[in-house]
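2 protein chains.
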Amino acid sequence: MQFEVSRAIEVLSATPSTLRALLGNLSGDWTSSDKEEDRWESFDVVGHLIHGEETDWIPRARIILDQGENRTFVPFDRFAQFEKSKGKSLAELLDEFERLRWDNIDELHSWDLTDAQLDLEGMHPELGQVTLRQLLATWVVHDLNHVRQIATSMAKKYDGEVGVWREYLSILK
Amino acid sequence: MQFEVSRAIEVLSATPSTLRALLGNLSGDWTSSDKEEDRWESFDVVGHLIHGEETDWIPRARIILDQGENRTFVPFDRFAQFEKSKGKSLAELLDEFERLRWDNIDELHSWDLTDAQLDLEGMHPELGQVTLRQLLATWVVHDLNHVRQIATSMAKKYDGEVGVWREYLSILK
Numbered sequence: 113m114q115f116e117v118s119r120a121i122e123v124l125s126a127t128p129s130t131l132r133a134l135l136g137n138l139s140g141d142w143t144s145s146d147k148e149e150d151r152w153e154s155f156d157v158v159g160h161l162i163h164g165e166e167t168d169w170i171p172r173a174r175i176i177l178d179q180g181e182n183r184t185f186v187p188f189d190r191f192a193q194f195e196k197s198k199g200k201s202l203a204e205l206l207d208e209f210e211r212l213r214w215d216n217i218d219e220l221h222s223w224d225l226t227d228a229q230l231d232l233e234g235m236h237p238e239l240g241q242v243t244l245r246q247l248l249a250t251w252v253v254h255d256l257n258h259v260r261q262i263a264t265s266m267a268k269k270y271d272g273e274v275g276v277w278r279e280y281l282s283i284l285k
Numbered sequence: 113m114q115f116e117v118s119r120a121i122e123v124l125s126a127t128p129s130t131l132r133a134l135l136g137n138l139s140g141d142w143t144s145s146d147k148e149e150d151r152w153e154s155f156d157v158v159g160h161l162i163h164g165e166e167t168d169w170i171p172r173a174r175i176i177l178d179q180g181e182n183r184t185f186v187p188f189d190r191f192a193q194f195e196k197s198k199g200k201s202l203a204e205l206l207d208e209f210e211r212l213r214w215d216n217i218d219e220l221h222s223w224d225l226t227d228a229q230l231d232l233e234g235m236h237p238e239l240g241q242v243t244l245r246q247l248l249a250t251w252v253v254h255d256l257n258h259v260r261q262i263a264t265s266m267a268k269k270y271d272g273e274v275g276v277w278r279e280y281l282s283i284l285k
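Sequences listed follow chains A and B, in order.
Position one of the first sequence corresponds to residue 113 (this note's numbering), numbered consecutively onward.
Position one of the second sequence corresponds to residue 113 (this note's numbering), numbered consecutively onward.
For the record, the hints were derived by calculation from the structure and aren't laboratory data.
Just so you know, not all the hints are guaranteed correct.
Said to hold, decoys possible - Ranges of calculated distance between the beta carbons of each label pair, as one might list FRET restraints:
#1 Gly199(A) to Asn137(B): 38 to 48 Å
#2 Ala192(B) to Gly136(A): 30 to 40 Å
#3 Trp223(B) to Thr226(A): 56 to 66 Å
Quick reminder that beta carbons are idealized off the backbone N, C-alpha and C, glycines included.
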């Protein structure tokens, strides 16, 4: 499937309501943990997505579109949410993410990007040369990656409860 | 996290609206394919979940609760949806799944299961002895497994569009 802005926006628009449907009515046991574990809980993932809306996708797209002298992106802090989300509820994070995402989709929409603009390049601080098209496609896949991560982190909570069915459940492997 | 019926119902109740939020407004390119591939598309997954509501979880729970002479479950057809969903739209499948799921949650709720009932056993045709508790926990994990599968099948459509970012996106591996 070839990248198209309108198709990308379909998925980007669906993510806030998907997370709200999946997580909005769950007990805290499903979405966070008191244990110090490396595994990100749903609460952490939503905070990470918020930080992406604020510092990653649209800010980087602006750098590419501006085509200024320095087109190197500011490095993204993958762990910012552990500080930034402190003291907030998951409901607050879901609201914040939805608001930021809609603002960003509005901005993306307003650009009415041409193919020539989608081919413009910027510089990723670790990966090197990238195009605007790749940045926007990655935004979409990144959303889906984290929907997947949330489903996985929830499933693993029942790791010890499914008995011999474990063998059939690839999500637990 | 220990299995509890009320916690399980939280996730089981969230799945129809999660699938509707994720898939309900997407173009067909995201949810189905003309190609003959082994990979299940979102359309196939929703059909599979419908077949589970009709023939797997609650029917098997009834076999266990009845404690009749033959407690061996009818084998589940993992490919039934390829015939059963033919000619239907994804919107129809999402409606059907939601209706069946709510009926099944109502039935589960009405049983008001005790710990002793959750320990009752049935016989899986391939895996052997299982408890009602394990069956219900597996129902939950199975939902999450397929949410994960849908996110993955959508992400893979942009496999060729993300450029060097591929390295960071575990969902594409």
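Going down the list of hints, with the structure as the test:
no.: 1; hint: Gly199(A) to Asn137(B): 38 to 48 Å; in the structure: 34 Å, violated
no.: 2; hint: Ala192(B) to Gly136(A): 30 to 40 Å; in the structure: 32 Å, holds
no.: 3; hint: Trp223(B) to Thr226(A): 56 to 66 Å; in the structure: 59 Å, holds
In this structure, the one hint that does not hold is number 1.
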